[in-house]
Structure formats: structure tokens, C-alpha cells
Amino acid sequence: MLSIKQGKQLNTVLIGLLAWGVALVIFFPIFWMILTSFKTEIDAFATPPQLFFTPTLENYTLVNERSDYLRFAWNSVVVSFGSTAIGMLLAIPAAYSMVFYETKRTKSILLWMLSTKMLPSVGVLVPIYLLFKNLSLLDTRTGLIIIYTLINLPIMIWMVYTYFKEIPKDVLEAARMDGATLFQEIWQVLLPMSKGGLASTVLLSLILSWNEAFWSLNLTASQAAPLTALIASYSSPEGLFWAKLSAVSTLACAPILIFGWISQKQLVRGLSFGAVK
Amino acid sequence: MAKLTIKDLKKSYGDVEILKGINLNIYDNEFVVFVGPSGCGKSTLLRSIAGLEEVSGGNIFIDDKDITDAAPAKRDLAMVFQSYALYPHMSVRENMAFALKLAKQPKHIIDKKIMDAAKILELDALLDRKPKELSGGQRQRVAIGRSIVRHPKVFLFDEPLSNLDAALRVQMRIELARLHHDLKATMIYVTHDQVEAMTLADKVVVLNKGRIEQVGSPMELYHNPTNIFVAGFLGMPKMSFLQAKVISANSLGLTVELSSGVDMCIPVSSDGIAKGSTVTVGIRPEHIQITDKNNSNFTGRLDVSEHLGSDTYCYVNTDANEQLTVRTPGYYQGKYGDTVGLQVDLRHCHVFNNDGQSLYKLNRSAA
Amino acid sequence: MNTTTLKVSDIKSGKKGESGVMGIAKQNAKISRYLVSPSVLLLLAWMLIPLSMTIYFSLIRFNLLYPGENEFVGLENFEFFVTDESFAAGMSNTLLLVGSVLLITVVLGVLISVVVNQAFWGRGIVRVMLISPFFIMPTVNALVWKNLLLHPVSGVFAAMWTFFGAEPVDWFTEYPLFSIIMIVSWQWLPFAILLLMTALQSLDQEQQEAARLDGAGPVDIFFHLTLPHLARPISVVVMIETIFLLSIFAEIFTTTSGGPGYETTNLAYLIYSQALLQFDVGLASAGGLIAVILANIAAFFLVRLVGKSLTEKN
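Residue numbers (our numbering), protein chains in the order written: chain A, 1 to 277; chain B, 278 to 644; chain C, 645 to 958.
These are computed hints drawn from the structure, not numbers from a lab. Note that the structure is a prediction, hence the values are computed from the model and not measured.
DSS-like cross-link-like pairs, simulated, lysine-lysine; straight-line CA separation at most 27 Å: (1) LYS351/B with LYS169/A; (2) LYS195/A with LYS674/C; (3) LYS169/A with LYS486/B; (4) LYS107/A with LYS165/A; (5) LYS674/C with LYS342/B; (6) LYS195/A with LYS381/B; (7) LYS461/B with LYS390/B; (8) LYS674/C with LYS104/A; (9) LYS378/B with LYS430/B; (10) LYS342/B with LYS280/B; (11) LYS265/A with LYS407/B; (12) LYS674/C with LYS165/A; (13) LYS169/A with LYS409/B.
So the derived list for chain A, only partly shown, Cβ under 10 Å to chain B, looks like this: (14) LYS169; (15) GLN184; (16) GLN188; (17) VAL189.
Positions of the beta carbon are idealized from the N, C-alpha and C atoms, including for glycine.
Work out the full structure: start from the sequences and follow the hints.
Following this line, the structure appears as C-alpha cells:
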């Protein structure tokens, strides 16, 4: 017979083993992608797949020569940061207004905003494509920024809304009594008080824009294509260079992966529209 | 000079009327306390004065200047919030400097004002700390300091002590009284705690259901409440109320018969009181004494006794099963269930008519 | 007794003197109330303009290859779209994809998050590994699985099959929809884990201890305490995943291109192929509207289910 203590210890070990096993299986594709990026093309295609090999950095140096990686990466950066910045500029005043000047309609407006996320992109693909064509926005970063701002705006407003909701109204009123204008009240009191929440909103928006792959594939070609489109181009036969594909993919995912690791706890609230804390 | 005048102030949210026409004068250097049960509108009234609530009707004047629609900052008022409402991302110094910086005052003047306030409130050593590093009492002091530096015409306090523990509350109460004396400023203070109201106020405003019930000095309100609400609201333990029927009325007062069948002659004006009408008799705990059974107005059965050391409060049930609260000396040793004699100081009894209005006492000077 | 005796002249002079500051408080409040309008207007435009265009296009003949023949055709496009064999395939694939992924991610998500919620060595690293796939872009996800893992010759799965003496499987040819479900589930499982794990941390410890004192075993606790506690986060997971899964596109685009045949064509991909591959705007718009209606049916229930409680809790 095991004593209670021994039984507990055994339990902990078993649970640990199980958890590690599951985690390793789930993480394996990413691990394998990173590993493959250090292989030569021959090693990458070897049968059976090789776990041990002589690592090389040539894929990373070749990536830029072959596909102009930096241009795509720059597009991703511009589009993600651009849409996030504009999104925040719209979301902060909107959330401020809805939290601190609540009206009878505020809740319906919030729900309606959420429901615009339900509008499937395919439903509006054709008109947007034609509109963009007429406005010469096809294959431009501006066009993508507009789209990303609009599709992420409801989520950003929701997130900022839940964070502002936690700010005690008293403090803003104190600022008002102290003579702060509307702008000063928001800029010098409200925003510093909610900077943690705002940071995670920014992060989530960056992640969503960086990884977005419906509009970027359909609205861009050579000029404004971000990394998602670059990676997709490897699906054509020339993409048989798996080691290089892995290198490009690793480069494309690394920043967001690290962002995600750092901010996982804060992201939950945004991702769940504040329903899970 | 800071005089505040409120004229027929009304405030409603949708169909709900919070303030139903408030008229009030507050004079220079006065310490005015708004007191009342929760939901009586006292906080709304204060916030309307502060400019944080839009009023639905009426006017507010400071020194005869209409500020009803002015922005909060333009009213020359400072407010201390119940939650203190300190800026959590700013140090104590920055908290106090914020309003002055927004007003674009020169730096050396800001520094001087902060040092002065810090000295008064003993905050010198804490100036570079953040609010979260302070205790409740210290935060309270910073909140007050933030008001002091602005040298406002009127200070507003919204239940400032309710988040403090009992001991600290007493200490801060004394400090506030001292501050009022030192600053010689007009202060308006909202509380639901009658002890704060009684101890701090020059003038107490008792509010109930959006109306002013009575305005006056603490002692005036205590001894001569104009109605049954004020009588019941002020005083710890509460005044006891007994139902009674009027037997006769003359120039010496009103003779009434209590439900328990006892007759009493109370020296109050009997104007407009008909024989046979019902009234309510109010007696404060200190105006009843427990005496020998044979030498008393009437008797009752002793319920619970609460020993506070200096005093003992006895709860006594009359024959009509109405409860009376009696203050006895600390050494009183009555037992549960004892039959005791009760002697009432008739000069200090209050009588309220059917509408709850107080009947004028004939011996007011005795108060 | 203290009612005011202010003179009328005082009021008048007061008002005159203050005309400069009059109404600033009200004005600020008014401005603040309208700060939400830019967002509302933008989202309204984003919803109404393309949607009304889609409705218009769906009712006319509009093929980019045959310009100029834009006559009104009524519901012909809808009829064409719905009766085409691709529509039935697209519908059933969409429902299968969404349903399977929801089932897999919720069931596995609950189990894994319950396991990871226990204390063990290296929990932080395990957490990080478990949520990582969520941050991988869909195109990378699809290509890594297609080329490095599921490749019939040199993929890791093929090697495993060979190792155990089985014939390697050509996943995307033999089980195309299953493969898509697998890689999409891999991407969304971390989302479920992330939310459920966080939700579990707010599970009442005392309640569990009380249950244990009452003689409840781990299984009883799971079904009677843990699962009910997770009901709300699970509904959130279902709602948000449904939003995204209904329009899965990049994973199909980069792996199977909807094939073989229509086996992996969902509504999103079908509309894309009508519009941008066959240039039939009218037909694609009809399909788009059907997708919108489908999403709205889902949204109707989901928003009612979750959205209401979201705002109420605030």
C-alpha cells in the first residue's frame, strides 16, 4: 500500500509526464520547422527524416536573395503597425465614450459591433475587390491597412472597453475637478492608468494583422504582399525547397510567437472579449 | 469670502427624482455636513455643487456668481472623494501638483504650495511615493493635500472617512476639525455617519428622499428636531417612539395616554391638536431613568442590556410591548426579565403629530 | 429656516459675468458621448456598403469576362449557385469542418487544461509549448504540415508509419478533408486551452475541498464542479472559433486548393473560386450572401448565448 503522501507524489509525476507528452506532441510541428530550417535541402528531403545532421545557416542567407524577404517583412510591419495605430486611435475614444458616458443604447452598440465580426469576409470579397480596383487600392499597403483596421476594430473596442470598465470613475472626476480638459483627462490620467490593458490590445491587434491570410492573399500581389502571402507562394511547385520554406516560416513566425509567449495572460481577456479573466 | 447659495435645485435620472428642489445657504468659513440615509440624495447634491452632475433645474451660486453650468474646474472648488481617487501612476508630489500644472502655475510656486500642504498634513517624507505604497490614512491625507494646494473657495468631502478603520476614523475626524479651524475655509461634507455630522459640523443638513428635512446646528437638531425623521435619525441609540392618544390639551401642554394605558402630561404646544387624535411620543435614552417600581411613571420588563462600561443601555418592553431604550449608569445590574420602574423626564419628551411634524416645546430654553 | 433670499439682480449679473464658461461641462459631456461615432460610422459603412453591393451583384448577370451584359436576372444566380453540385459539397464541408474542429478543440481543450492546471515540474514551459501553434500564421501552418509532416514520402508521419511496418499514407489525397480538419484543429486547440486554463484558475478551491470532504472522487469533481464552471468559457470558445472557422481559407488555399474535386471546398473557398478564378461576380455574390445568411444564423444563436452574458457581466 502506498501512503497518501507517496500516492500524491506518484500522481504529480504521472500528471507531469502526461502534460509534457501532450505539450511535446503539440509543439512538435514548430520544433520540426525550426529544425528543418537549419538543414541543407538534401537533409530536409531525406527519408527517413533526420533528427541529427550538420546544421547550416545558408537557408537564412539565401532567403532574402531568392525572395526579397525583407520587402515582404516590411509590408507586414507597416500594415500591422499602421492598422493597429489607427485602430487604437478609433477604439480609445469609442471605448471612453461607451464606458464613461453610457447611454441606453451603449449595450446594443457593443453587441452590434461584435456582430460585425460575424460578417464573413467572403460575403464581401467581391465588392471590396471591385471597390479597391476602382480606387486603385489593390495591392497597396494602404488598402490592407484600411481592411485590417476595420476587421480588428470591434475586437479592439471590446478589449479597451473591458479595461476602461475597471478604471474607477472617481479618478477621472478628480482630474476634471483639477481642471483637466477632455484630452488631458484621457491622455494624462486614463491612458497611463490602463497602459497594461492597452499594451495587450495593441499586441493582439498586431498578432491578428500579422497572421491575417484571407485579405492579404486576395487583395495583394507583388507590391504590398505581406509575409503570409510570401509563405503561400511556396505552395507552388517551386516551393519544394523545404529547408528554405522552413527558414522563411521561422523568420515570419518568430516575432509573433515571442510576442504571444510574453503576453499570453493578458491576451486571454482580449481574445475572450473580457469574458474570461 | 466664499458663500454658496443653492436655489430650488432639482435633479432627476429619467423618471426618478433624486433632488426635489433644494434651497440652502452656506456661509463663509462654515463647516456644513449633509447627512441622511443612503439614497437620500446627499452625494448627488454634493456632486451637483462640484459640477460632476448636470442638474435638471435650479441654480447654484458661489459669491453670487451663477455656476450652475460651469465646468467643474471653473468653480474654484476642490473635492475629496470617498475612494480618495488618487492618480495611481503619479507620486504624491505629482498628485498634488497636477491641478496646479494644468493651471500653468510657475514651478517654484507649485513647489512651495506642495511643501506647505505637506507640512500641514505631515506628508513631507512621502512625497515621492506612489499611492499604492501608502496606507489608507496616508492616502486620505494626500487626497486632502491635493485639495489644499489649490486654495479653493470651498472644500467638498464625499464620505471621506468611510474607508478607514474605526480608530483611524476618529483620528482623521479630529484632524479634519483642526484643518477647518486652521484653513478658515468653507467646507461641505457628506456622510451617513451621524457622529461625524454631530462632531464636525457648524451646520447640519439632514436630507431624506431628495428633500431637506432640517437645517441647523448639531445641538439644535438634536434637541429640537422638526420632525420624526430627524428625531429618529440623530442620536445613538435611537430615540424611542411610543404611540399615544390625546386626552386633553391646555396651555401647560398635552396630556396623552400611551398604548400601555399610562397618562403623561408633556409640555408642548397643543395648537391644532384635537382631543382624541393619535400622536407619537419620542423619548431619548438619556431622558428615561430606571427607578424603584413604586416611584415611577410606569413599569416595563427588562429585555437585553448592553454594557459599554461608562453607560449601560437597557432595552425595556412596555406593557403594550413597545420597546424603549434607556440609558443607565455603567454599574447598573438589571437582569433579563426583571420588572423595572421607569421615570420619564417629561420636559424633554417630543411629541409628533400625525404628519410626523414636531409640536413646539414650551420650555425650549431648557435645551 | 435657511432658505435663500437672493435677489433677482444677483442672478442676472452672475449669468452675464459667467457667459464665457457657461455650459462647458455640458459641452464636454456632449462631445464625449459622440466620441464613439467615428467607429460606429466606419463599421456601419464597412457593413452596409459592401453588403448592399453584394445584394445588387447577386441579382444581375455580372461576369468580368463578359463585360456589358449586366441585366437583371432575379434569383437566377442563387438558383445556379445552390443547385450546382459544388454548393452541396461546400455546405457539407463547411459544416463538417466547423463541427469537427469545434468538437476536437473543446474536448481536448478541456482535458488538457484540466491536466495542466495541476502542479508539476516545468508547468510554465508546458504552457508556452501548448499555446504556441495559435501564433503561427495559417499559411505557415498549412505548408509545414503539408510538406514536413504529412508528405507521403519524406514526411515525419510517413517515417512513423514505415517504422511500424505500415504503408505510408498520402494524407491530402486519400483523406483530404480529414487532413484539413487536423491542421485547423492543431491551430485552434491552443486557443481553447489558453482560455480554459485561465478559467480554471478561478475555480473555487474551497468548493473542491468541501466536495472532497463530502466524499467526491476526482471524476465526480470533474463532472459536477469543473465542467459547470467551464460552461461559460466553453461557450466563448465555441462562439469565437465559429466566427473564424466559418471563413477558413488560407489553409485550404495553400494545401489542396479545394480539391481533389470539391472534397475540401468550403463555402469561403467556393466563393473565392467563383469570383477570382472564374470571374463570375454575380454567382460569387449570391454565394457570399448565402455565407452571410449562414453566419447570421450561427451568430443569432451565439450572440444571444454569449454576447448577452458578456455585457451583463460588465
